[in-house]
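S.K.: Using the hints, build the complex out of the two chains.
Chains A and B, in that order, give the protein sequences. Using our numbering, read the first sequence as starting at 1 and increasing by one per residue. Using our numbering, read the second sequence as starting at 1001 and increasing by one per residue.
Please note: incorrect hints may appear among the correct ones.
[To be verified] Cβ-to-Cβ under 8 angstroms is the rule here; a few derived chain A residues that face chain B:
1. SER56
2. GLY60
3. VAL61
4. VAL63
5. GLY93
6. LYS96
7. LEU97
8. ILE98
9. ILE100
10. ALA101
11. SER103
[To be verified] Label-pair restraints from in silico Cβ distances:
12. A/ASN31 with B/LYS1339: 52 to 58 angstroms
13. A/GLU7 with B/ASN1434: 41 to 47 angstroms
14. B/ASN1331 with A/ASN31: 40 to 46 angstroms
15. B/LYS1628 with A/GLY113: 37 to 43 angstroms
These are computed hints drawn from the structure, not numbers from a lab. For glycine and all other residues, C-beta sits at the position ideal for the given N, C-alpha and C.
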Amino acid sequence: MVNIEKEKKDNIHIIRVSGEVDAGSSIHLDNAFKEGMEAGESHIAVDLTNLAYISSAGLGVFVSYLDEFELKKIKLVLFGVQETVRQVFDILGLEKLITIAESEEQAIEKLNG
Amino acid sequence: MTSKLKIRLAFLGALINWLLFSASNIYLLFIESYEMKVQLADFIPQLFFTGFVISTFIYYRYVISKADTLNFTDLLWKVFITGLITTLISLGIRFFFTVFASSSIVESPLTVNFFYNILIGLVIVYMVSTLVVWKRLILYQKSKNLLQFWGFFEIALLLSLAYDFLELELFGTNFNIGLIVLSCFSLILAFNLKWIAYLNFKQKWKGILFILLSAIYLYHFFLNLDDFRATGALVMDLMDSVFFLGLLGFLFLYAGISILVTLFNLPTSSVFERKLKEAIDFQKLSQSIPRGETIDQTYEILLESSMSAVFADAAWIEVKEEDGIFQSIRNLKEAQIDKIKSQVKSGTIKDILSLNFDKDHSPSRLTDSLKDSKYKSIIALPIHVQQKQIGYIVMLNEVPEAFNREMVNIITTFVNQTSISLENLSLIKESLENERYKEQLKIAKNVQKSLLPGEVSMGSNIEIDAFAMAADEVGGDYYDVLEIGKDKYGLIIADVSGKGTSAAFQMAQMKGVFHSLASQKLSPSQFNIQANTALSNCLERSSFITATYFDIDANKKTIEFSRAGHCPTLMFCSETNETKYLESEGMGLGIVRNSSYKKYVHSTTLSYNQGDTMLLYTDGITEAKNEKGEQFGDDRLKDSFKSHAKKAPTQIKEAIKRDLAKFTGEVTIDDDYTMVVVKFNTNNDG
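So here's chain B without its partners, still in its complex pose (with noise of 0.2 angstroms):
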């Protein structure tokens, strides 16, 4: 069911209900009086009302509970307008007895019941949605024994209905019984009154008007309905009513208590407004910065919220920035500002106004009096980020001694919190920094993977494969092939001193002079002399690149190679099923940086075989350590290589790799590393 449909239902039930009662009071009144034979019992009324009574509560119920949004004041407005509606009827019946007061017509006990009945109605609907409304205030702020509470009442409520179908006496000692269970609620609750603190000063005038309002009503229907008691026609009395007269007592109760304490409340309001107005100053404070408003806004925020909280006649805020100093004044001038300073006596604040204070600050050290000036109290704060005073804030007022530990406690919570969003903006900028710089590392790895070759090839005779790993984003291994004639290939790889992005950019100039030197068909110790020449002038002092250059002649099957200190390359010899390091002097690339690196360089020929392989690496591999801290070494690296030697070069890669991770286990290569496989004479016609 909807609540709409409720509405209308509940509505319905009350308006049949409320016919239905009428019409069986005044059958009984007919039965009464012309002593018909026919009965009907004496309850049925009684039955009717409790149903149009509680058919009126579920319409209230609904219709009040539905405006979630009502504040305090529109739902006092709403008893306000209801008792305004239903006394107007009830006095139009009044008018309605006085003017025919001398005629027989009000004398009539049908005339007088059947008014009754509409009056019983109008009541009904006034104080059951009075109730309703009540409820809403009462249960503000609810807790679980409150509204378990609130149950109990309701409940009391309903068995006093029953309890008057007893029809007991007026008084009676049953009667007071019930009527003193429902006094006892009553009391209690009216003292549920929370929802007052929050009105402000104009809606505490106006709650106080309303309800006395709604209480006068409540005084005058009481008038009315004795009026009709006096008659003595009545078939069925309300104020008979354990149900009546607790309701009756339970709404005036509230309203007096309400009426008394919303009285008492006025002097205080002014001081809830201004702590809810400094909670609000505080949450504009923290999220200024988040809503995009500038850092000098919310210095701004700041003094404004400030001056406000501790009723300051001038304030100024003064804060160093990265480009100048941001000042902000209220009602003074700037040469008031430094005859201030000057007038200055406490050293503490003398040392905040300076933006030399740093340590942590007792907040009666932040007040001081000052003389021959026409402010006489000033209050001074310093403003920290990352534990260092980066401004102050100055509260001035012409009051001697106008500030309290209090107001200074406030105003530090207000610095503080501006704090608090300073820092985070320059944290949310650090870390944008941060993504940027990963970005750009990104890309700089995206280049320097194009600056390896992606696929090698030494012409149909000779397989290779080889494979690259950065400890870094980026790295400083260098391999290539570049073909240098007919069946004439230059092969390198090289190792440049050091990680990282450093490295990575003395890569890129050990490729220029690569394909520079390698075209030129140059000698490989040729090669490395003008290399060292060239990477001479470019490389910084501590950095050294370590290369090996292979010439390989797929004609001739020679490799003449000159190793510029680089790791020995290994030679797997298919004939005699030996591997073995080739051993040859050599000097890395960049050391000496004269003529005399010529002596330092060697080269060695030697002609391969069929089957026979060799392998590349930088010192990435025999280098990685494994938990205990033993280094793979050249042994292992020999062994490895040796035990997959007769594979296919992929595979040889992949085998050497997968013993390299067995041994490392857990901890990762901390440097670059390289492998490149070269495969002779692989094709079964040579």
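In isolation and in its complexed conformation, chain A is listed as follows (with noise of 0.2 angstroms):
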């Protein structure tokens, strides 16, 4: 249901999200986001371009992992997110606590800026 790819780019690790990302899948992406702070990146963009719908499971992901991200100082910003999945963000409130960006150059800027 959902497929996720991992990038380096420069300092920047980069997880692109496609498919569907639900209860039963959420799993794979708190994995994706787990490995890259034992990494030690402190610098991730999410690529959701290819992300069709995100239950509130999923969103469950990136709320556990705020404070720690903000403990370990380590940026997170999302980027090329679809309108649906982006009105679901900002529904709950998560566009005031999670960086969004347009385009994969513009969320490289506002993590090195």
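M.R.: Structure follows, in structure tokens:
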């Protein structure tokens, strides 16, 4: 249901999520974050260009890392968020807590800035 | 007709026929000796004789076939007893002739014929009863062909009775033809001896004895009849009958062949008995667990069965169980076991003995010879359950090379059967456990149902209806209403992230939070701030709850609400006939777990007019998908609500449900979904 690819661009760890994240597949997203954190990444960009749907359990993954990222000064930026997914983030209020960029370039800019 | 009646009638028929047969015979004698003028056809005695034979046959057929449970030796015993009685009577007749040998009375044709008739009766009774028993034996394990063939034989016997009306010359051409036909039948039938295989050693000896005695009776009768024949005074001589000679031949032949075959089967009967015992042991194993015996008892049965199947001198079994190791030993001491374990050379057997053998095995690898030990041969077999070795069984014999492949195969089937029984047992346990979980979930479902308000009301001026549906047995959606003052109501809709059991527990917490905070008459903003604090302490880090809290004042006709990350409420305005989402800022509960949450809380106040209608819902509705994977979405929900908004809340609810079902079609909604419809000022005086 969900496909996750990881990529390293300079100092930025990019996680590309495609498909759908629901209660069953949210564990993969969680693992990707955990691995990134354990590898000591401090700049994480999440590409949601091909993410069609995210359930509340999937949002829970983002929520669960908020405190830890802040504590460890890890920067997180999402980009390529589709309108429907964006709406879900907005309704929940997550857009106030997570930086959302329009494009990959902008995301890298924000992470480096 | 009941069979009891049939037996009585047949008996009566036989008796009457025999009496008439005897009477007509004697009568004929009178006619002959006194040259009386009264005529009696010669065939009359033969007619009654035929009637007598048939009645006797019918009688024995019912008597013997009625006793279905008779075993073979019992059947042979019956023949023996009938023979004994008839023979004793015939001996009595002989005795009479011996005693009065010098008297003229024995030379009188009348006396001779009188006793001869009695003898005929005895002989026919004995022969027919023996025929019926032979029939039972021959037709054991009957096939269609055999049954048919036996039918032909019976018809041939019947025809031979009719044939005898012709009074053929003894051993003339026609007589011989009849005899040859019957002999052919007899010869073919005489080789149906399958029943012998089912006798054990002792029964075989008994069988031989009884059949031998039966044959001796027959021979005795034959001699007796021959003696009478020698007198030359007989009106009707049984020895001239094709039927009699044919039947006698058949009875003798079958007895002779049975005796020979039983004799030759004697040495192998122990093998057959052993096979039978293996089959029974096998059955015992497969039934031991369903019968309610414990697993340990099953292992004992396995050990015993295997030992007797391969003539083992000693054996042991070892199985790893949940609570330690089960071991059962026969004719061995534990110290010997350790010694044998160390003496084993074969790698396969070593693996088996250390419970390390999860592969398939070839039978040849499982046997080995031991040196420097009392026991010279060993078989070791692994016991597997679900492809994992859980134990093994070892058989020992003092004779070198005592075990062959055949024996390994037998124990393998025993072990396999045990494994199957064990696997079945664990499956049964699992399904019982599942049943229990289902039961628990059912209870949870009922408990959770009781957490949602059964019927909601907000006084006489506001009409409200609600509906909640869980994707699994239990769900994480929540709505509730609380009267917090005069004409003042607290209303909440909430959705726990995720679904299922964990969501259900958090929903219960939400209910607690709602009831404790709403009764404090907090403002909606304060409500959310406090709810966030309360839930932050008890929610898992990855869980959060979205909610919207409404403070409705029916007196002032105002709504104040604060949205905590929940889907925006749909509002239908009756004045403008417009429907819109009530947009406002907000954040889900449990996402920001410190005081900074305050920053994200907002509240909105609006006043309502008569006929205004509000739709609260959870994302299960907007995210419901159709076959193409499209979501129902905000717009469709808005349109649906708008088109029904003027109806009563219950009808609006049902109409939206219908629209939703039409959209999703066959696809089931895989999330909890909830709707609350609130209609203001429904009374007409406002």
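S.K.: Which earlier hints turn out false for this structure, listed by number in ascending order?
M.R.: Going through the list in order, the structure violates hints 8, 9, 10, 11 and 14 and respects the others.
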